[in-house]
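**Q** What follows is the residue order along each chain.
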Amino acid sequence: MANKNKKFSRRSPFAAALVLLAGLIVSGGSYVAASAAVSNAAPKSEVDQAQVDTGKRIFLANCASCHGKNAEGTQNAPSLIGVGSASVDFQVGTGRMPMQASGPQAEVKPVQFKQEDIDALAAYVASLAPGPESPTEEYLARKGDATKGGELFRINCAMCHNAVGAGGALTEGKYAPALRETSAKNIYQAMVTGPQNMPVFSNTNLSPEQKTDIITYLQYVQENPSIGGDELGNLGPVVEGLWVWLGMLGLIIVITIWLGAKSN
Amino acid sequence: MAKNPKDLAVVESAPEHDYSAGLAVIAPDKIADPGIEPHRVRMTDKSVKHEKAAARQVAALFLVSILGSAFAIWAYYAFPFEAEVAGSLRLNTIFLGLGITLGLFGIGIGAVHWAKTLMPDAEVAEERHLTRGSEEVRAAAVEIIRLADEESGFSRRKLIRRTLYGALALFPIPAIVLFSDLGPNPKDSLRHTMWGKGKLRLTRDPDGTAIKASDVQIGSVFHVIPEGLVDLEAPDLLNEKAKAAVLLVRLDPSEITQKQRDWGYDGIVAYSKICTHVGCPVALYEQHTHHLLCPCHQSTFDLANDCAVVFGPASRPLPQLKIEVDAEGYLVAPGDFEEPVGPSFWERKA
Chain H
1 MANKNKKFSR RSPFAAALVL LAGLIVSGGS YVAASAAVSN AAPKSEVDQA
51 QVDTGKRIFL ANCASCHGKN AEGTQNAPSL IGVGSASVDF QVGTGRMPMQ
101 ASGPQAEVKP VQFKQEDIDA LAAYVASLAP GPESPTEEYL ARKGDATKGG
151 ELFRINCAMC HNAVGAGGAL TEGKYAPALR ETSAKNIYQA MVTGPQNMPV
201 FSNTNLSPEQ KTDIITYLQY VQENPSIGGD ELGNLGPVVE GLWVWLGMLG
251 LIIVITIWLG AKSN
Chain R
1 MAKNPKDLAV VESAPEHDYS AGLAVIAPDK IADPGIEPHR VRMTDKSVKH
51 EKAAARQVAA LFLVSILGSA FAIWAYYAFP FEAEVAGSLR LNTIFLGLGI
101 TLGLFGIGIG AVHWAKTLMP DAEVAEERHL TRGSEEVRAA AVEIIRLADE
151 ESGFSRRKLI RRTLYGALAL FPIPAIVLFS DLGPNPKDSL RHTMWGKGKL
201 RLTRDPDGTA IKASDVQIGS VFHVIPEGLV DLEAPDLLNE KAKAAVLLVR
251 LDPSEITQKQ RDWGYDGIVA YSKICTHVGC PVALYEQHTH HLLCPCHQST
301 FDLANDCAVV FGPASRPLPQ LKIEVDAEGY LVAPGDFEEP VGPSFWERKA
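So the protein lines, in turn, are chains H and R.
My numbering puts the first residue of the first sequence at 1, with every later residue one more than the last.
My numbering puts the first residue of the second sequence at 1, with every later residue one more than the last.
No lab work stands behind these hints, which were simulated from the structure alone.
None of the hints are false.
Lysine to aspartate or glutamate pairs mimicking DMTMM-like chemistry, simulated, CA-CA at most 25 Å apart: (1) H:K185 / H:E138; (2) H:K148 / R:E84; (3) R:K187 / R:E339; (4) H:K143 / H:E209; (5) H:K148 / R:D231; (6) R:K212 / H:E151; (7) R:K212 / H:E209; (8) H:K262 / R:E123; (9) H:K174 / R:E255.
A quick note: this is a predicted structure, and the numbers were derived from the prediction, not measured.
Isolated chain H (complex conformation):
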């Protein structure tokens, strides 16, 4: 609301409608209006205590057995204090959490919660301590420079995720997932929160503009088919060589047998 107020002068034709809207909001509750004014700096919407309470109930029923009753962490799972709403939305919104079984890494699986429940969980975890927040729709709609994004991706991300985001193996059963179908929101969330063993790429490391460039590059790669035909998983010369060996060598053997066989 505060953002809207800034954009319109009192003489604007929208002024009357805006005054009416502001009046409704004020009458709706002074607390909400006050917090909306304060939240000018942060894109985060006002804290909804009811949502936080709902989130806490969901947390106690589904998450607390591993993360502790107050999200302080246990031997089995890390503390969630300060991980922020972006982390919850990423982990639960991609089905990684709650984990199906303990293992080297939480795997993507069908999402277990409705989006409003995920939002409530995120609000609860965010209420424990400040942490990274999910990007706004406005931010995600921006387009960056795919060329710059490609260079940043190759320097910061490609060693684990492969130069075109095909993913790759790490140590002891861990892996960097493929980014061929990852949404812009989840890419951003992963960069700011550093899920699992991925390092954190905060805004002091990669600026929001640079993150946009990286997302634009990945979207370019996702949307444009490979010029060279079948990608064979984009895993490089070993896979391509294996296919040539199996396919071509097999064909050569078949032809050789035919050449040597006597006609019936």
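Dock chain R against the given chain H, drawing on the hints supplied.
**A** Same frame as chain H, now just chain R:
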């Protein structure tokens, strides 16, 4: 010439079983020679119907070749390569290649099928002869060499012979001298990096912006190049970057063991990114295990323990870069690495 050279080609056919076994051990119970399989008459020789069918098949294969070649010519014009259309090159090469393949394949398969089904299939055994020439042939060869020596004076003219030996011996040497182009000798450039200039700020790869200590959160990783590297021109840019690239992370100080607290700053530590095995960039950083993995041969280093090798073929820890914080809060390296970065080389001590 003492003899007609044609005589040299005349070779007596070998007498039956006149072979020397040499040193080979002849097993007494060796499998008996089964002889040649009984001749089986082909269907195409038995029935005119099959013969005609085979003839049609061969002609059809040659026709496939004709169509393939024509298709290739058509495809070249039907799918032109346009510089701005990325997929056009793929279509162009696929269809052109397909046509040429059919063109060649039809000829080859057709010719083999022709030979196998229609050409005479009488079986012929060709006996091998001895490798050793007959006495006359050998005597003739010796005579030719003797005559050549006599006529050229090779044995008689010592000066000519010795200078020829010298010329032949020296002839390959220039090829060896060319190898010096693989140099120049690196001298001591393997022992120093750009950080040796001293008091250089740590900057982000690739834009070269300086990094403040407060920018580096726990769990984050920065890919670092020395201040001023981005101003270098090729080939110095890549030569210096290949040695000076650094990985910067911040660890929880309580997790850090051993000396590196003295060389880092409040949990921030910087290590060479060049693997001590064969020099790949080691950059796969796992935040929670604080392990660094090299993508080439899976050498794994523990960042919290002086980058000790925990797995893989690397034999030494990654060299650490000592860092400090300057008056403005930026990270600086007071000097160079204390040891050469990257893989072992001949003159490197330990």
